[in-house]
Amino acid sequence: MSLDVKVLSIKMLEAFKGKLSEKWPDVKEYAKTESKKLAENFVLIERLKISGEITEEQAKLHVEIQKNATRAVLLTIEGLGLIAVEEAINAAMDVLRDTINTALNFTLL
Amino acid sequence: MSAILSGKSFLFIKAIILSLLLIIVSSCSVKLISSYDEITDKTVTQLQKDFETFFITIECLDKPNCEYENHKRFYQDAKITISSLAIRANAIPKNSLTIKQIEILKNSLDNLEKLHKLGCLSVDQIKDLRNSFNVIFTAILKLEIAKKRGKNNSE
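Chains as they are written, first to last, in the working numbering: chain A, 3 to 111; chain B, 137 to 291.
So that you can see chain B by itself, here it is in the shape it has in the complex:
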């Protein structure tokens, strides 16, 4: 009798453990990186267009119109947009990679500004800069879009 009872008790305990395991497994879905952010996506996309417009514009200008003093507005606007992107990125949890990428973008813009202050940018310089910034923008966007994780996510 006691053997039968202990056998039933064992099965009962096993069922409880399995059920608890299932509850734990069901409620746990791992998330290693933040969700997709549509505003980040759209802002970065627009910023890339602004940079492209800037490069196309200065490519066609001669001195003195190509000089830095005539394009301060671009740098100011870009800095404001990047600052606002950084604030938003910092407010999203598990978003450290995108935060670092935005910091990289900011640093690159600062370097571009320093370059421009040294003198007008030649066609070849603009070609290199355009490529570099497009690599940065593509990197940010590729990661952001990947955060959709194959779903139609527009959080």
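Chain A extracted, bound-state conformation:
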């Protein structure tokens, strides 16, 4: 059986997309949930500042902590993306490996 580049590339692409699609709902849900919490916090800080409950100096410190929280979330999203890409690449490599084994008509490794 000879290797069909077109068929092989389609199979690899499907494996790749499949893995990314699998991970995306979790990333999306996480981003949505954390965005809501962060937005609520920013509104709270603004309310505290306007009402005079906190000074400008205190508000700045609260905002800095909030910005840090936002950065932490973005780093996690980046990490989840990297893991998804990694799994997708490895899934595509598995397809390539299986297809080559089949083409050679035996399992080399």
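Hints may be right or wrong, so weigh each one.
Cut-off 25 Å, straight-line C-alpha distance, at most; resulting in silico cross-link-like pairs (SDA-like, lysine to any residue) [as the list claims (entries may be wrong)]:
1) B:Lys250 - B:Gln182
2) A:Lys21 - B:Lys230
3) B:Lys278 - A:Val29
4) B:Lys185 - B:Ser219
5) A:Lys39 - B:Cys196
6) B:Lys278 - A:Ala41
7) B:Lys236 - B:Arg224
8) B:Lys236 - A:Gly83
9) A:Lys21 - A:Lys69
10) B:Lys230 - A:Phe18
11) A:Lys38 - B:Lys242
12) B:Lys278 - A:Glu24
13) B:Lys284 - A:Pro27
14) A:Lys69 - B:Val259
15) B:Lys185 - B:Asn206
16) B:Lys167 - A:Lys39
17) B:Lys185 - B:Lys253
18) B:Lys215 - B:Ser232
19) A:Lys34 - A:Leu46
20) A:Lys38 - B:Gln184
21) B:Lys236 - B:Val166
22) A:Lys38 - B:Asn267
23) B:Lys263 - A:Arg73
24) B:Lys278 - A:Trp26
25) B:Lys250 - B:Gln212
Simulated from the structure, these hints should not be mistaken for lab results.
Following the hints, complete the assembly by docking chain B onto the known chain A.
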């Protein structure tokens, strides 16, 4: 005869190339981020509990008991734990995202300390701070647990 030989040679070369390709593909698995670290997971989880205990405690206190001077021990202990987390994270390869998150946690603790030094924290302030720190802790833990990559990994 020479045509048959060159045809066989071609097939032989093709088989060699395919075999080499398979060896390369078999030995290569891509890793873009570090493996899961159980100690990081457990330490961050415990640290979140310590922060929660701290917030619950100061929420119920009036002056002067709520003031910074009476809670220095919390800040010292938290700094030591975060420092030790940072050292461990730096020792693990391909761990730059977690390293940055721990730096963020450290910076946030410093800001919390500055806030507390300015005066006792009100219930609303504590609510905001608790939410922010929980977002940070969740972010660190979510990434760490994701590094298990769906396997029962306890490296």
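To see whether the hints hold, each was checked on the structure:
| no. | hint | in the structure |
| --- | --- | --- |
| 1 | B:Lys250 - B:Gln182 | holds (23 Å) |
| 2 | A:Lys21 - B:Lys230 | holds (21 Å) |
| 3 | B:Lys278 - A:Val29 | holds (10 Å) |
| 4 | B:Lys185 - B:Ser219 | holds (17 Å) |
| 5 | A:Lys39 - B:Cys196 | holds (24 Å) |
| 6 | B:Lys278 - A:Ala41 | holds (20 Å) |
| 7 | B:Lys236 - B:Arg224 | holds (13 Å) |
| 8 | B:Lys236 - A:Gly83 | holds (16 Å) |
| 9 | A:Lys21 - A:Lys69 | violated (31 Å) |
| 10 | B:Lys230 - A:Phe18 | holds (22 Å) |
| 11 | A:Lys38 - B:Lys242 | holds (24 Å) |
| 12 | B:Lys278 - A:Glu24 | holds (17 Å) |
| 13 | B:Lys284 - A:Pro27 | holds (18 Å) |
| 14 | A:Lys69 - B:Val259 | holds (21 Å) |
| 15 | B:Lys185 - B:Asn206 | holds (19 Å) |
| 16 | B:Lys167 - A:Lys39 | violated (32 Å) |
| 17 | B:Lys185 - B:Lys253 | holds (22 Å) |
| 18 | B:Lys215 - B:Ser232 | holds (20 Å) |
| 19 | A:Lys34 - A:Leu46 | holds (19 Å) |
| 20 | A:Lys38 - B:Gln184 | holds (21 Å) |
| 21 | B:Lys236 - B:Val166 | holds (22 Å) |
| 22 | A:Lys38 - B:Asn267 | holds (11 Å) |
| 23 | B:Lys263 - A:Arg73 | holds (20 Å) |
| 24 | B:Lys278 - A:Trp26 | holds (14 Å) |
| 25 | B:Lys250 - B:Gln212 | holds (13 Å) |
The structure does not agree with the numbered hints 9, 16 stated previously, though it agrees with the rest.
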